[in-house]
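Asker: Residues per chain are reported as follows:
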Amino acid sequence: MEITSATPPGPPPPRKTSRAGDRIFLGLSRGSGILLLVIMAAIAVFLTVRATSALSKNEGDFFTTFEWAANSTPPKFGIAVLAFGTVVSSLIAMLIAVPVAIGIALFISHYAPRKLAAPLSYVIDLLAAVPSIVYGLWGALFLVPHLGGLYTWLNDYFGWTGIFAYQGGAARSLFTIGILLAIMILPIVTSVSREVFLQAPKMHEEAALALGATRWEVIRMSVLPFGRSGVISASMLGLGRALGETMAVATVLSPSFTIGKSLLDPGGGTFAQNIASSFKESGEIGKDALIASGLVLFVLTLLVNGAARLIIARRKEYTA
Amino acid sequence: MAKRIDVSGLNAYYGTHKAIEDISMTVEPRSVTAFIGPSGCGKSTFLRTLNRMHEVTPGGRVEGKVMLDDENLYGSGVDPVAVRRTVGMVFQRPNPFPTMSIYENVVAGVRLNGGRYRKSELDGIVEKSLKGANLWNEVKDRLNKPGAGLSGGQQQRLCIARAIAVEPQVLLMDEPCSALDPISTLAIEDLIGELKERFTIVIVTHNMQQAARVSDRTAFFNLAGVGQPGKLIEIDDTERIFSNPSVQATEDYISGRFG
Ligand SMILES: Nc1ncnc2c1ncn2[C@@H]1O[C@H](COP(=O)(O)OP(=O)(O)OP(=O)(O)O)[C@@H](O)[C@H]1O
Ligand SMILES: [Mg+2]
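Which chain is which? The protein sequence lines are A and B, in order. One point on numbering: in the working numbering, the residue at position 257 of the first sequence is 283, and numbering is uninterrupted. One point on numbering: in the working numbering, the residue at position 195 of the second sequence is 204, and numbering is uninterrupted.
The following block holds chain A by itself, in its conformation from the complex (with noise of 0.2 Å):
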């Protein structure tokens, strides 16, 4: 037997440079990144100094205050109502909407015939296109002169419970805001759930339907339960949407620095609203804590989706 070559024929090595369009575009993409994370951090750096150069002046206790005196000299302010009047109107506009649109969603995927499917998600999708100021316009001309209804049945029904007691007057409370804000979120969570119970697997649709089932007890068992992480993610945004809501809230509410008894009672304010109703007239320390105001909301907002993040992973666990 004779060796003829000591290196054996194989695939040629494989080509060193790499072409000038791949290393543009490499070059391209890892700059804006890093541009991006530089931006980012240059306006948290930001942010945060000038929240602790009004935060170190703050006269009163910054997160049990109840008062927003930040151009007077010495400032005095604090979130305690502008945390409570964010987090209750958005949880009413989240009881409101989420049951809502889940309905709604389902009669779409699963009730409506094709021909009254396509225009309602059409006509849905559109509404989560018109402005929010224009939701404010409504609410402040419409929707306020016309719960006064609404306002004294549940005063008649529920006044007892304290949160539901009226007496008398606009209409511009909390409850208003969060009935507003559920109108607002509703689109958005409706079209997202529509789209996770279209997804829902026809396979397991099946299984029900084959058992017997009705077609409640078709959604009930197949539908829903698949839908279920998507759902908690729609409601989310919504509820994002709501948390940082300012044009709406501002043109409805009569802001004041208190907190009511009852979810009728006018006045109280969100971090949104009060940044947008305040910051014109503010001098620099008022500034500062409106910023600091906007950091409070921003740490909200992160830990309500962490929370939902929890939840989906939770549930895919299982599922898996």
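Keep in mind the hints are simulated off the structure, nothing from the lab. Incorrect hints may appear among the rest.
Claimed, not checked - One-sided excerpt, in silico: chain A residues whose CB lies under 7 Å from chain B:
| no. | residue |
| --- | --- |
| 1 | LEU237 |
| 2 | ALA239 |
| 3 | LEU250 |
| 4 | PRO251 |
Said to hold, decoys possible - Which stretches of chain B does chain A cover? Using the computed rule of at least three CB atoms under 8 Å from a CB of chain A, they are:
| no. | stretch |
| --- | --- |
| 5 | 57–70 |
| 6 | 165–176 |
The beta-carbon is built from N, C-alpha and C at its ideal position, and this holds for glycine as well.
Based on the hints, put chain B with the ligands in the right spot on chain A.
Answerer: This is chain B with the ligands only, laid out in the frame that chain A set:
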């Protein structure tokens, strides 16, 4: 328990497309009837007309009569939901409910339509159905684990347990073994042999040996060409179909001399 199925003059459509035409046949109670025929000839479509699942497909429409003993499934005033409780179905791909445990899967149908049972009753149903599906010994220690955690063959037997838990009169199976390995397939074939003591069974299969092994009667379907509706060519005792069928096309199909 088991009932006779008597089909006459049945047509089924998808929108304007006629998928099967003028099918008439009788299926005897406590027997296994196999449907064989080339792909697309309408076996699944016909099977799904027997429990009114066909009309669930958008555009699905049925003409003709399906008598279950002396009740017409397509009579006016007949509730399709009630029909599907009487005529159970097992699908090609095992489809246990993924969020439910093994136990919950078995009683899923029992709990429907406002069915209220005591825990002990449900326990009894679960044990009886899982034993009926030859699955009890394999899962009795993990009834509360997800049904999706079983092997494919076990999942299919879980689906059979779920279907028989509601005590149907008829059990329809659409290629129940086509996603399974030979051992699981044998397990299910044995099971079919036991189940026919209690139910009327109709099974669609592409596996000639399987049809020959499990069925008492065999129906051969065929279609004249693409876009043509599928038709019943003949139905006869399985032995006869596989030894001496009366139609040439049947013999060609069975012996592989088809098309
Ligand atoms: N959802 C549907 N929409 C429209 N046409 C359909 C639908 N399902 C089946 N068909 C058509 O109906 C005819 C019969 O299909 P069917 O699924 O009943 O055949 P099959 O005999 O079960 O085939 P296979 O052996 O491949 O399962 C085919 O022409 C098919 O294209
Ligand atoms: Mg088929």
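Asker: Taking a Cβ-Cβ distance under 8 Å as contact, does the stretch 57–70 of chain B have three or more residues in contact with chain A?
Answerer: Result for this restraint: holds, n = 4.
Asker: So, as I understand it, the hint says ALA239 of chain A touches chain B; can you test that by seeing if any CB pair is closer than 7 Å?
Answerer: holds, 5 Å
Asker: Let's test the interface hint: is any C-beta of chain B closer than 7 Å to that of PRO251 of chain A?
Answerer: At 4 Å from the nearest chain B Cβ, PRO251 of chain A passes the 7 Å test, so the hint holds.
Asker: Quick check on the hint: LEU250 of chain A CB to chain B CB, less than 7 Å?
Answerer: Violated - the Cβ of LEU250 of chain A stays beyond 7 Å from chain B, reaching only about 9 Å at its closest.
Asker: Per the CB criterion, is LEU237 of chain A less than 7 Å away from chain B?
Answerer: holds, 4 Å
Asker: Quick one: see if chain A covers the stretch 165–176 of chain B, three-plus residues with Cβ-Cβ under 8 Å.
Answerer: Since three or more residues must qualify, the claim that chain A covers the stretch 165–176 of chain B holds, with 4 doing so at under 8 Å.
Violated hint: 3 only; the structure is consistent with all others.
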